[in-house]
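Between the sequences and the hints, there should be enough to build the whole structure, so can you do that?
Chains as they are written, first to last, in my numbering: chain D, 1 to 323; chain C, 1 to 301.
No lab work stands behind these hints: they were computed from the structure.
Each hint should be verified, as a subset may be incorrect.
Unchecked claim - Residues from chain C shown here face chain D by an in silico Cβ test under 8 Å; the list is partial:
1. Arg89
2. Leu91
3. Tyr92
4. Ile95
5. Phe196
6. Met200
7. Phe236
8. Asp237
Ideal Cβ positions, reconstructed from N, Cα and C, are used throughout, including at glycine.
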Amino acid sequence: MDEPSPSPPDAPPPTPAHLEFKAGLLLLVLVLLVAGAGLYLSYARGAFDSTQRLVLVAEDSEGVAVGMDMTFAGFPIGRVRRIELGPDGNARIIIDVPVKDAHWLRTSSVFAMQRGVVGNTNIRAYSGVLSDPPLPDGAERTVLRGDAAAEIPQLMAQARQLLSNLNAISAEGSAINESLTNLKTFSAKLNAPGGAIGALLGGDAQAAKLVATLDRTNALLARLDGLAAKADTQVFGSDGVMRDARATIQQLNGVLGDARTSLQKVDAVLDEAKAVGANARVATTDLGTLRAEVETSLRNIDQLIGEVNRKWPFARDTELKLP
Amino acid sequence: MHWFSESYMTDGAGAGPAAAPAYHPRMPKRTSTLRQLQDGLGEIGRSGLRSSIGWSTSWWHVVKVGALILVLALSPSTYDRANRGALARHLYLGIMPILPWFALLSAVISVVLIRIVVVTALSYGLSQYALEMVIRVLVLELIPLTAALFVALQITVPSGAALIRMHARGEFATLLRAGGDPLRHELMPRVVAGVFAVLMLAAVSCLIATLLAYAAVYGFTLGAFAGFTRAMGQIFDPGVTLILALKTLFFGLAVALIPVAAFLRAGGPRAASGSPELDSLVRLFAAILVIEVVSLVGNYS
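Laid out in structure tokens, this is it:
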């Protein structure tokens, strides 16, 4: 075998100018790239956001992963930070919500976890009344499950019931079928010569009667019109009742004036009668006094006679004797 | 460092007849790479059990060399003026010729893969997962692997071969006699440059692939940046980010250390068992495979 012969030295490549500076620049670029990536990923994971905590309690946390989003109207507003099993056996999903997005969550907000047939699980928040008080930090809410796969059997049962109802509705002789038949007859009558009146009254004869009634009513109205014109002439015309009535009223006014005068005279007569009455009353008072005086005189005379009788010898025995 | 100095004092520079076999006869010849591969494969097939024992013990050798070079790289006293120059030279001259080409190549491959993934996802109605899939496939898996293989083939394996040639010419013995330290002045800069090249290529290509993915999924608009950022935040959770960083770092270390360690082994008594370049390549692929599998297990198990 040949002895090893040292190979000729490799020709060193030419050294570029400012080599150390350029190498330092490369190092700086690498450091900047790595540091920039680190900062960007920290920002992307929300390391610089101030957050508030929300605890969602679910019966089953299957499909929920740390880092997944909670969405509101399709926009991510929170991120799952941790999942733990609570002392009551329920899963506790701890979500960090950035403070700048927390105003979408209200005390009346509803949280739902939906698992599609294909794809991952979504946690969604719904806020119906945005004027409610905001959700406090550390709030605990129960999450509603909306599992599409679990709902399929229930959905099928409901769909079957719906279809049987539809069958019953559309069957021959069903109520809705008869209603439709009646509706068809009704619309046919509407299109018939009798039109809506015939449909409403139930037959063409009745419709004809109604039309005749209407015609006669029209004629009656025309006659009433003439009558009213004649009455107008009779009442308000030049020789109408109104003129006579006006003259009668004037005469009545005169009669009333005479009556008023007569009454005034009667009034005066009554005044005089009143005065006569007053005099009679006075005279009656004097008569009373006279009567009292007469009674007194009579009593005195009676007394005097009694006295005479006692003293007179011819006095009669007035004593009563019992047998 | 003592064993390293002894190894170089006793080999090819004519230290005595006992050292002569260690300087194996085939290596210094500048045969073609294809010829070396054929020879090496034949040698491995013939060596049998002896080879497998050597294989396992030599990994320990790689770890020892790696620890020694890392300690040197992290010691401030290493970076004296002469060493800084050597390091800057290896850093700059190693990566600059390949950086634009690799960026272009990875951009083209990324565009093709992104387009395939996005169109497939759209056709299945799963477009909301397209971005995540693209980022996971490209940034997390393919680009660091490609960068490591590219650096290995373009920088570190040729660099190990250059070390072997320098060794064959007796330059290290000369350096040692002159009071220099080959480990500090020749090996450490190459290792650091190799690690740096892997990190740099991976970082630049990941950035390009991310931008291309954004443009492919959302178009040339800034309106979707918030949603994109949110998706990136979901993909890169701390575990995944840590695994990506460690994987890229270990790719760099494997790519940079294994060819140098193979060179050091080439000076030992087992040097005649095969081609050091082929040995280092096989070892390199095995190490990269193990790192990739471990990262996959960490990410997706």
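Against the structure, the hints:
{"no.": "1", "hint": "Arg89", "in the structure": "6 Å, holds"}
{"no.": "2", "hint": "Leu91", "in the structure": "4 Å, holds"}
{"no.": "3", "hint": "Tyr92", "in the structure": "5 Å, holds"}
{"no.": "4", "hint": "Ile95", "in the structure": "7 Å, holds"}
{"no.": "5", "hint": "Phe196", "in the structure": "7 Å, holds"}
{"no.": "6", "hint": "Met200", "in the structure": "5 Å, holds"}
{"no.": "7", "hint": "Phe236", "in the structure": "5 Å, holds"}
{"no.": "8", "hint": "Asp237", "in the structure": "5 Å, holds"}
Going through the hint list in order, the structure satisfies each hint without exception.
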